[in-house]
Amino acid sequence: MAAYEPIPQRAYFKYLSPSIIVLLLLTVLPVLFTLYLSTSSLSFASPRPERFIGLRNYSRLLDDARFLQSIPVSALFIVAPVALQLVLGFVIAVVMNERLPGMRWLRYVLVAPMVIPPIVTGLTWRVMFTPKLGSVNYFLSLLGLDGPSWLTDANWALTAIVIVAVWGWTPFVALMFLAAMQSFPDELYEAAVIDGATWVQTVRHVTLPLLKPTVTFIGILRTMEALGIFPIIYIVTAGGPAAATETVNFYAYVSGFSYLKVGYASAIIVVFFFMLLLIIGPTMRYLLRNFQVAS
Amino acid sequence: MTRRSKITTFSLYVIGVIYGLAILVPIAWILLLALKNTLDAFAYPPLFIFEPTFEHFRAIFQDSEFRLAFANSVIIATGSVALAMLFAIPATFAITIMRGRARRNSLLTILLIRMVPGMIYLLPYFVFYSRLDLLDTHIGLIIIYLIFCVPLIIWTLTPVWGAVPLELRESGMIDGASLWQILYLIELPLVRIGIIASGIVAFIFAWNEFLFALVITRKKTVTLPVIITRYMGYEGYEWGKISAAAVVIMLPVVVFGFLIQRYMITGLTAGAVKG
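Listed in order, the protein sequences are those of chains U and S.
Here the first sequence is numbered in my numbering, starting from 1 and rising by one per residue.
Here the second sequence is numbered in my numbering, starting from 1 and rising by one per residue.
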């Protein structure tokens with residue numbers, strides 16, 4: 001708390017309010033408009049004017065096998081990549097935190113996947129998975145393994161997307177964990193030395209418990225972003241084979257912009273929005289209870 | 001730190017090197033592919049030594065659509081940063097005086113807005129814009145990018161600005177300066193590193209954005225991430241052009257990323273989480 005306050009905080013209101021107003025207008029209005037569209041028959045493919053059709057778009061969703069299939073795909077593309085990113089990110093952060101001589105370059109290497117456009121990440125891996133052109137199966141053959149046909153087999157296509165998501169986002173997780181580890185108090189590590197703990201014990205019983213809140217926070221951030229995965233699917237598998245890698249938001253895109261069924265796509269978006277709220281609700285409650293900003 | 005056994009140290013090196021290679025190999029692969037002629041590209045086993053060619057780079061820069069996309073990307077990314085700064089700078093100025101709960105709640109709300117997947121807003125903007133004649137305009141995309149750029153700038157700038165002592169504002173007031181004058185004449189020059197870093201973070205976002213660009217642009221304002229997908233179209237996949245274009249698109253952001261890598265994560269690490 002500031003001890004003195006000759007400038008009233010109210011004076012700052014006009015500096016903050018333009019941002020808040022613009023952000024709210026740009027986000028709340030579209031959401032409300034989506035709710036409206038989801039009850040309309042609007043389609044860009046039909047010249048007929050839109051009319052109100054109540055919840056018919058929603059009831060159609062329940063019979064749409066392609067939509068129902070997209071829900072577990074969305075769930076898979078959240079759970080698998082985020083879990084792998086957290087585990088691998090922790091391992092890499094531990095490695096980097098040891099400041100091994102000759103390993104500084106790793107820090108710079110990690111920046112690349114964070115800034116490369118997702119569309120380029122997708123293209124790169126599309127190439128890597130393409131037979132002859134790419135190298136995934138070539139490297140597997142060096143190990144004596146027979147590489148699968150990645151993009152035409154449903155299970156391998158799902159695996160491919162998970163691999164790309166892990167490649168693209170683990171560096172961010174690792175750097176966040178590393179930043180947290182570097183702020184841990186030295187005394188705890190000195191105490192571990194005095195107690196005769198081995199290196200592995202120190203990592204497990206000192207570093208890991210201290211990192212737990214950061215793991216939760218980053219896990220939440222990654223989960224929300226993983227829900228919106230799009231460019232990678234668009235480029236690597238285009239949702240295929242046979243819609244096997246289509247997430248809820250990808251199917252919404254296809255319905256709206258390939259089939260031009262705006263009303264129907266809006267209904268999918270509304271469902272997607274409620275999935276998001278399921279994540280945001282508990283998240284906000286957790287953050288409001290446990291999150292502190294440095295000031 | 002406790003002493004590591006030799007085996008542990010060795011394992012850490014192995015993990016680090018393998019992971020580093022796993023990141024680098026795909027990027028290097030695209031680089032090589034961009035420099036190979038079509039015959040070499042499909043050689044099996046892959047060629048690591050070959051005569052490099054710049055034909056693909058020449059081809060994409062001779063393509064007027066690609067040159068236009070490059071210009072559009074520069075205009076839209078720069079415009080997004082400039083417009084977002086107009087909102088984000090005063091907002092950060094206000095946030096830095098907040099303490100405790102007020103500051104945290106403002107920052108969390110702003111973070112939340114950025115984290116919402118763009119797909120939620122895509123359809124309504126498409127319908128809005130088709131009725132307002134904003135499809136295929138620069139300003140149309142720039143307005144949408146405010147949703148993401150303003151929060152990105154505020155989050156990256158707040159920790160830098162938070163290090164400026166608040167006493168400056170008090171003494172500025174005593175000298176008769178208005179809050180606006182304190183903001184622009186006294187404090188803004190002090191946080192210029194933060195302005196540059198946060199501007200680059202927002203630029204990278206706008207430069208990379210794909211989903212909205214795909215739907216909102218048509219012909220005149222197509223950006224680089226969209227144009228690259230067109231090389232996957234009608235005449236089969238033109239892998240040489242695709243790789244060359246990928247290199248051209250990622251080069252500026254990778255350079256920017258190296259320059260500001262220190263700041264890229266400060267925005268989020270500044271918020272500490274209680275145990």
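Honestly, the hints are just simulated from the structure, not real lab data.
Wrong hints could be hidden among the right ones.
[What the hints assert, rightly or not] A few chain U residues that don't get close to chain S, going by computed Cβ distances all over 10 Å:
#1 THR39
#2 PRO47
#3 ASP64
#4 VAL127
#5 ALA242
#6 ALA243
#7 ASN249
#8 PRO282
[Said to hold, decoys possible] These stretches of chain S come out as covered by chain U in the derived footprint (C-beta under 8 Å, 3 or more residues):
#9 20-33
#10 85-96
#11 113-125
#12 146-158
#13 252-260
Quick caveat, the model's predicted, so the values are computed rather than measured.
Where a beta carbon is used, it is the ideal one built from N, C-alpha and C, also for glycine.
Evaluated hints:
1. THR39: The assertion about THR39 (chain U) holds, with a minimum of 14 Å to chain S.
2. PRO47: 15 Å, holds
3. ASP64: Holds: least Cβ distance 17 Å, greater than 10 Å.
4. VAL127: 7 Å, violated
5. ALA242: 20 Å, holds
6. ALA243: 17 Å, holds
7. ASN249: ASN249 (chain U) is in fact no farther than 10 Å from some Cβ atom of chain S, at 4 Å.
8. PRO282: At about 13 Å from chain S, PRO282 (chain U) clears the 10 Å cut-off, so the statement holds.
9. 20-33: Result for this restraint: holds, n = 10.
10. 85-96: Contact hint for the region 85-96 of chain S vs chain U: holds, 7 residues under 8 Å.
11. 113-125: With 12 residues in contact (Cβ-Cβ under 8 Å with chain U), the coverage given for the region 113-125 of chain S holds.
12. 146-158: holds (count 5)
13. 252-260: holds (count 5)
Hints 4 and 7, counting from the list given before, are not met by this structure.
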